[in-house]
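Peer 1: Sequence:
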Amino acid sequence: EQQHFAIQSVPNAILQTFNLPYSDSVSQTKHAEITTVLNFVCETLVPSLRKTTDEITNMLAALDGSFIPAGPSGSPTRGMAHLLPTGRNFYAVDPNALPSMAAWEVGQKLATEVVNRYKKETGEYPEHVAISVWGTAAMRTHGDDIAEIFALWGIKPVWQRENHRVIGVELIPLEELGRPRIDVTVRISGFFRDAFPHLIALLDDAVNLAIEAEEPPEMNYIRKHYLEDMEDTEHTPEEEASARYRIFGCPPGAYGIGILDLIEAQNWTDEHDFAKCYINWGGYA
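Read in order, the letters of the sequence shown correspond to residues 1 to 285 in the numbering used here.
In case anyone wonders, no lab produced these hints; they're calculated from the structure.
Just so you know, these numbers come straight off a predicted model, no measurement behind them.
Certain hints may be false.
[What the hints assert, rightly or not] With a Cα cut of at most 20 Å, we get these calculated DMTMM-like pairs of lysine to aspartate or glutamate:
| hint | residue 1 | residue 2 |
| --- | --- | --- |
| 1 | K156 | E212 |
| 2 | K109 | E176 |
| 3 | K119 | D54 |
Whole structure, please, built from the sequences with the hints as guidance.
Peer 2: Listed below in structure tokens is the structure:
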């Protein structure tokens, strides 16, 4: 009953208290925003705060050798209410929060620098860019390199407002982007594959979003290269899927790029052997 009263009555009281414009359109917009916040406070935040007594419960459970539920680490007062309730066995980074909003700002700058430097040197935009992604770097920077890839593609992560977790991606309009969408091939490490499978799926969703965008090929190099790859095929499901592949790494259970083993075995003749080894080890889509 208290929650129902807060959600129904408090928005109107706030509007009146702060003497906010009360036209129908403004009132409805402000009312909806306040209601959303109050819903979150009543249905998520307060119940989670009431569970902070789990700290004692879980400490006693740990002393007894029992299981303690896992949860992300950080400071709840830094806009990370999803860290509540406290008292859980926290881990270093929340994979679902990558790339972070701060990483997105860095990634956009990195992408802009890459594009501007190439254009300055060649007079053209780069159609292809290759980026190697490591799991440890993603954890350390909260996804700077992932954000750079999204920025080159002209695709923006969508964060859930309450907990800053990434819940999807959306196209940045070409008018806002101001350049073509750059086609990026991603080489992931074995640890990244194991630690961030949802990020691989998110990257794949972004590629498909760009491919399916009804845009001029000269402004969308991802779609351009996809259409070129499909020209000389019979349009089988396998060929269609292959034309969409942009994320590669070593097969499940394998790690590295194989070159160290090649050197140690002294089983090589020239640089072409290293290139062939790199492709064989890293060509798993």
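Peer 1: Out of the numbered hints, which ones does the structure contradict?
Peer 2: 3
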